[in-house]
Structures are given as C-alpha cells and as structure tokens.
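Trainee: Residue numbers (numbering that gives the first Met the number 0), protein chains in the order written: chain A, 0 to 334; chain B, 0 to 359.
Do not take every clue at face value.
[Stated by the list, open to error] Per the computed footprint, the stretches of chain B lying under chain A, defined by three or more beta-carbons under 8 Å from a beta-carbon of chain A, are:
#1 181-194
#2 276-285
#3 337-351
[Stated by the list, open to error] List of simulated lysine-lysine pairs, DSS-like, C-alpha gap at most 30 Å:
#4 B/Lys115 with B/Lys128
#5 A/Lys127 with B/Lys273
#6 B/Lys319 with A/Lys239
#7 B/Lys266 with A/Lys116
#8 A/Lys239 with A/Lys116
#9 B/Lys160 with B/Lys172
#10 B/Lys152 with A/Lys118
#11 B/Lys335 with A/Lys67
[What the hints assert, rightly or not] Some residues of chain A that are not near chain B, with every Cβ distance over 10 Å (derived):
#12 Lys127
#13 Glu232
#14 Val284
#15 Thr301
#16 Glu308
#17 Gln329
None of these hints come from the bench; they were simulated from the model. Virtual Cβ for every residue (Gly too), placed ideally from N, Cα, C.
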Amino acid sequence: MIRIGIPRALLYYQYYPMWKTFFQELGAEVVLSSPTTQTMLSSGASRVVADTCLPVKVFCGHVLSLVKECDYIFIPAIRSVQRRVYNCAKFLGLPDMTKAVIPESPPILDIDIDVNKGKRVLYQAIYKLGRHFTWDPLKVRRASIAAWQAHLNYRELMSSHSLTPPQAIEKMLGSSEVEPKTHSSHSTSTQGTIAIIGHPYLLYDEHINHRLIHRLEQAGNKVLTPEMLTTEELESAIVKLVGRAYWTYEEEVVGAGGHYLESRIGGVIGIMAFGCGPDSLMMDVVRRQAARLNTTPFMSLTLEEHTAEAGVVTRLEAFLDMIYRRKRKQVEVCV
Amino acid sequence: MRIGMPHMGNIFIPFKAMFQRLGVDYIMPPVNNQRTLSLGVKHSPEGLCIPFKLTLGNLIEAAELGADTLLMIGGYGICRLGYYAKVQEQILHDLGYDVEMIQLGVSERKFFGLLKMIKRLSNNAPWTKIVPAIRFGLAKSNALDRIERVVQKVRAVEQVKGTANRLLAKAVKAIDQADDYNTLNKVRMDYIDQINQINKDGQTQPLIVGITGEIYVLLEPFSNLDVESELGKLGVETRRTLFLSEWTKFSFFLNSLGLNEKARIHKAALPYLKRDVGGDGWESVGEKVLYAKEYDGLIHLAPFTCMPEIIAQNIMPATKENIPVLTILCDEQMAKPGMLTRLEAFVDLMEWKRRAQKNH
Ligand code: SF4
Ligand code: SF4
Chain A
0 MIRIGIPRAL LYYQYYPMWK TFFQELGAEV VLSSPTTQTM LSSGASRVVA
50 DTCLPVKVFC GHVLSLVKEC DYIFIPAIRS VQRRVYNCAK FLGLPDMTKA
100 VIPESPPILD IDIDVNKGKR VLYQAIYKLG RHFTWDPLKV RRASIAAWQA
150 HLNYRELMSS HSLTPPQAIE KMLGSSEVEP KTHSSHSTST QGTIAIIGHP
200 YLLYDEHINH RLIHRLEQAG NKVLTPEMLT TEELESAIVK LVGRAYWTYE
250 EEVVGAGGHY LESRIGGVIG IMAFGCGPDS LMMDVVRRQA ARLNTTPFMS
300 LTLEEHTAEA GVVTRLEAFL DMIYRRKRKQ VEVCV
Chain B
0 MRIGMPHMGN IFIPFKAMFQ RLGVDYIMPP VNNQRTLSLG VKHSPEGLCI
50 PFKLTLGNLI EAAELGADTL LMIGGYGICR LGYYAKVQEQ ILHDLGYDVE
100 MIQLGVSERK FFGLLKMIKR LSNNAPWTKI VPAIRFGLAK SNALDRIERV
150 VQKVRAVEQV KGTANRLLAK AVKAIDQADD YNTLNKVRMD YIDQINQINK
200 DGQTQPLIVG ITGEIYVLLE PFSNLDVESE LGKLGVETRR TLFLSEWTKF
250 SFFLNSLGLN EKARIHKAAL PYLKRDVGGD GWESVGEKVL YAKEYDGLIH
300 LAPFTCMPEI IAQNIMPATK ENIPVLTILC DEQMAKPGML TRLEAFVDLM
350 EWKRRAQKNH
C-alpha cells in the first residue's frame, strides 16, 4: 500500500479529515506525524533561514520526522479557497521550499488550489493528484466527494458542538490521532470567559504555545476559539473592521477578534508567530479596535522559537489577574 | 482636495509631471530621509517590512503638509502590499489626520484603474488631456532610467569616484523641471553624453553583479543604503532587470495585452519554484538561475521579514546553477559600516573566483 505522509502542522488543522478521507478512498495509507516536539522544532529550524516564521520551521520538523516513514509527502500549494482572497506567500512556496531545504524528503505530492482559476482547473488539479493512485477518474471523483463530505462534517462538528480542531478530529477519526488529553471539561466554577484568536496551527500546537488552552482552563476559565463562531459572525466582523477579507485566514484573526471584542467576555488573547507577515498587520487591526472600544481587555502574545515557558506563564497570569480584578469591581458596582 | 503620495525611487517625477499638466493640486512629501524613517518606524506595528514603514512615513509627512487625499498602491493577491492601505489609513486616522486613502489597484485591470483614478483626481479632465499627460510622465520615467543605466556602467570605472552620481543627481533635477518633450530629450542626451565622457580607468574589466529582490528596496536607494553606488565605488558594475519605467510599461499597459516580460525569468525558476509566491520571490529565484551564467555575483535585496523573499532565500541555495549570492536584509536596523564590510568581502570573493576561472 502506498503510504502518504501528512505533517501535523500548518493546514493540517483545517483540512486533515478531508485529506485523510481522500487518500484512504484511493487505497493509500495515511501516516501522520506525531505532535510537535522540541527535537522536531530544532531540526526544522536548522534547515531554513533564521527569519522564517515559526510555523514553517515546525512544518519542516514534521516533514523531517516523516522522511523514512512514507513513500510520498503531501504538501498542497493553496493559493486561494475563496475568490479574490489569497493565502500567505509561505503556503504557496511550501512544496518547493520543502524540496529545497529537505532534499532527502520522499517525493512531494503537491496540488495547486486556486479557485480564481475556475472549477475546471480545480477538478483537473484534483484528478492529477488522484492519478498517482488510480487511472479511474470515477474513483477519484468518488474519493473527492467523500473527502468534501468529511470536511463538511468536520466543520459542522466544530461549530455545533463548540469543539476545537483537535477535539473534532478525535471525535471523527478516533483517539489514536490526538494530542495528549488536556481538556478538563468539568471545571466547577468559571472564573471568566477568554477568547483566543489566531491561526489554528498556533492555537492548537501545544508545544509551541506552551499548552495555553490547558493553562487557561486549569485556571478555571472557559475558552472560546475562532472555530466556535459561524461564518456570518466572522464575516460581519471583518466587514466592520476592514471591509472585505484580504487574506484567506483573516477570519481567524480579524473576524474572531472583532467579534469577541464586542461580545462582553472577560478578555481576548491574540496569538501570533514571530516573523508572520499577515499577522503583523491583522493583529494590529484587532489591537487598534480593542483600544478604540476600550471595553474588553486584549493581549497579544508573540510565539518564538525560543519563547520561554515562564515568560508565557507570567504574561498570562498578569492578564488574568487584571481581568479578575475588573470583574470583581464590576460585581461590586452591580451590588 | 490636495493629493499626496509615498515615494519609491523617482516615481514622484512622472506623477508630478502628470499632475501639473492636469492641474491637480498636489503636495510631494520630502524625499525619504531619517525623519521619514523614524516616523514610519514609530507608528508601524511590529514585524512589518521596510516598504510599509517608509511609505507610512511619507504619508504622515504628506498629511502634515496639508494633503487630504492620499494615493497608495493596493489590490489583492500581492502579498502584504495589498493590505498596507487599510492599516495605514487606520494609523493616520488614529493619529488624528482626516485623510482619505485612494487605492491604486495593481493586481487586475490596472490600466483602467489608473485611468479612472486620474480622471477622478483631475476633476474629470477630458481624455484628450489625460492621455498626453500620462505619456509625458512615462517619457520622463524612461529618460531617468536610460540615464541610470549608463551611470551603473560608468560608476564602476570612473577615475574620480562620485562623478557619475553627481551628474545623475543634476540630471534628475533637470528632468523633473523639463516642461516639454524638446527640453526633455535635450536634457537626456546631454547628460548621457556628459556621463559617458567621464574619465575612466582604461583597462579594467569590472566585475558585474546582478541586483535582484523585492521591488521597493530595489528601486528606493534610501532603503538599501544606496548599495549600487557603494558597489560602484568598489569598482563593480551593477545590473538589474527591474526599472521603474519598464515595470510601469508592463504592469500597467502590456500585461493587460497578455505580454509578460517576466516569462523568461519564471521559466528559469520553474525547476525550483513552480509558482508565483506573491511579491517578487519567484523572480528572485529565476534571476539567480539566469544570472549564474552571465555575472560574477548576485546581490539579493530583501526587506527584513519579507515573506516571498524568505521563500526565495530558502530555495536559492538549492539551485544547481551556481553563483555567489549576498542577501542583504533591509530594515531600519541596517547600518552602513556593516554593509560595507560585507560588500568588500563579497567583492574579494568574486575577484578570487574570476582569477581562479582565468587560470583554468
Ligand atoms: S501566515 Fe504567518 S505564520 Fe502562517 S505561514 Fe504565513 S507568515 Fe508563517
Ligand atoms: S513582498 Fe515583502 S516587502 Fe513587499 S509587501 Fe510582501 S512582505 Fe512586504
């Protein structure tokens, strides 16, 4: 059986159920890399120039960990999944960049996704990808329909059950696929409600964010994430702040940020990666909005290769303290 | 309505010519200087690329001088650039400037976008006035680039360093002031002659380096600490494919006719980078492959944190076409002494390589 390696990084969080279904339907075996470790991060970082953003370094680490485990590595070049809304340059360059910096990698399966070029081009691209496994166009068609269905189920699961991507993946595909269990679902008293915004590959990679969600929950907070909002909520927040979306993943930052800042919760934490181009702009839009509204506390946390755990913890504690103090004050006023 | 716009090299000259002919009320901010940079850095979010900071500085300085309508490049699918205007507008508003931003889309239907914008700015001037005004602007841009090409050659071999640059500065002024085609042509020919007549070192065969990278830092000497002149002082001739006039010609006119000047460069990049990654990353890789056969070295100019150029930087070492590459990351931290040391070392390396090749 052909083994397809999928790095547990970057777009994995958005598309894994879809990809997995597609390849399995075509009779391939999917090999997923394990959750990020320090070794992966360091090995990935050693291959690219220092200014490369953290998530791409992590990605390279995952690819390196798959080198001997599979026959192909799947790295799509996703340019656009919505008309006239484009992805960060890094995603487009990913297949070629990986090939250049990890020459020992198994052959890379790439596919160009750009909806601006029309449906036909998209179908052709999918078919071309499927041809590695079968000559039967019908089979490819069936696989892509199943994959699409899996994707819809996945999204539906997240929004209707308020699940994070790792939780939804666990529910859909079984427990062997998840990161170590961290969610203490039955915390008795809720201290506050905190929203975290940012790209899924930052929010849900527990190694690089030092188990942020877990820490918040441990401290008795309810944590909200961008996936828990509906498309309409996200879009209307974007329209309000910047007009029309420019980046593919603007929803996760400007959309969710804009929405949560106005939703009377305890606070909003923006997570961004050092060296991230789009975030430097998008997070600034959110920060400005927070300052303008001046109703919901906002903090942004920049994750770096060398971010010390202690640093994250200190900043988090200070932020939470501030929120709790505010809350107590409000309660006093009400009484 | 008083128009202001950011700088990028000499782009203000053709725009000024156009505005004057159309009676547009405009104000040009001071050319890039230390204050522009500090203003831009101070008010920019962290982690942004130098073009954002400098253009923000320009816009602030234009607003200070009374501009109320600011032109800025926009569009989509072109990296962070397309998002600049949205954030810069918010920054200016938060600073208390009541300005309107007009985005000049460069991603699709640019030609019509440009025409429409000019029509609006000129208070609905007739096309018979607009078209000649654009043409005259382009003629100036052309003249500037023709002179600069000569300067690039002469700078490397002139006996008294700095002569060509001094003439270039004068030429820029004269072109800026030229009111009609006659004067413009005369100025152009005159200066090209003068520059060609500069005393040169007879027998030297200067090293030749290609300059590639991101468009803004390529075309705005202030942002790259005038790296081309510094190379000239070290006796190196510089060449680049990207010039403002060419870029305008293609991106505003010929590309819409389906002509693509970059096809050759993209084709060269294909084995290593199969697709456009926004910005100029694809071209950087392609130019490395192409120049490897022609030049002694390549200077790769990239804004610090520039996403497409980081991709290029990661891919470039893997090409089998080999040529010494020096990547210079441009930002406000960059200092001249450091850059000069690196340039000198790079020139030594190229000289050594050339000698080694000769002895073979
Ligand atoms: S969006 Fe930011 S973090 Fe993600 S790949 Fe691009 S630069 Fe890196
Ligand atoms: S290409 Fe580079 S310099 Fe230009 S907007 Fe993008 S990141 Fe900034």
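Trainee: For every hint, state whether the structure bears it out.
Mentor: Hints, verified against the model:
Check on the segment 181-194 of chain B: 0 of its residues sit with their Cβ under 8 Å from a Cβ of chain A, so the three-residue criterion for coverage is violated. Only residues whose beta carbon comes within less than 8 Å of a beta carbon in chain A count, and the segment 276-285 of chain B has 4; three or more means the coverage holds. Given as covered by chain A, the segment 337-351 of chain B fails the check, having 0 residues with a CB less than 8 Å from a CB of that chain where 3 are the minimum. In summary, the hint linking B/Lys115 to B/Lys128 is supported, as the alpha carbons are separated by about 14 Å, within the 30 Å threshold.
The hinted pair formed by A/Lys127 and B/Lys273 meets the criterion: a straight-line CA distance of about 16 Å does not exceed 30 Å. With a C-alpha separation of about 49 Å, the suggested pair B/Lys319 and A/Lys239 falls outside the 30 Å cut-off, and the hint is violated. Among the hinted pairs, B/Lys266 with A/Lys116 is consistent with the structure: their alpha-carbon atoms are about 20 Å apart, no more than 30 Å. A distance of roughly 28 Å separates the Cα atoms of A/Lys239 and A/Lys116; the hinted pair therefore holds under the 30 Å criterion.
Proximity of B/Lys160 to B/Lys172 is assessed by CA-CA distance (about 21 Å); at most 30 Å being required, the pair is judged to hold. Of the pairs offered as hints, the one joining B/Lys152 and A/Lys118 is violated, with about 50 Å between alpha carbons and a cut-off of 30 Å exceeded. The straight-line distance between the Cα atoms of B/Lys335 and A/Lys67 is roughly 46 Å, outside the 30 Å bound, and the hint therefore fails. With a least beta-carbon separation of about 13 Å from chain B, A/Lys127 lies farther than 10 Å from that chain, consistent with its non-interface assignment.
Every Cβ of chain B is farther than 10 Å from the Cβ of A/Glu232; the closest lies at roughly 21 Å, confirming the non-interface assignment. Separation of A/Val284 from chain B is inadequate, the least Cβ-Cβ distance of about 6 Å not exceeding the 10 Å criterion. A Cβ of chain B approaches the Cβ of A/Thr301 within 10 Å, the least distance being about 8 Å, so the stated non-interface status is violated. Every beta carbon of chain B lies more than 10 Å from that of A/Glu308, the smallest distance being close to 22 Å; the non-interface claim holds.
For A/Gln329, the non-interface assignment is confirmed: its Cβ lies about 28 Å from the closest Cβ of chain B, beyond the 10 Å cut-off.
Hint compliance for this structure: hints 1, 3, 6, 10, 11, 14, 15 are broken, all remaining hints hold.
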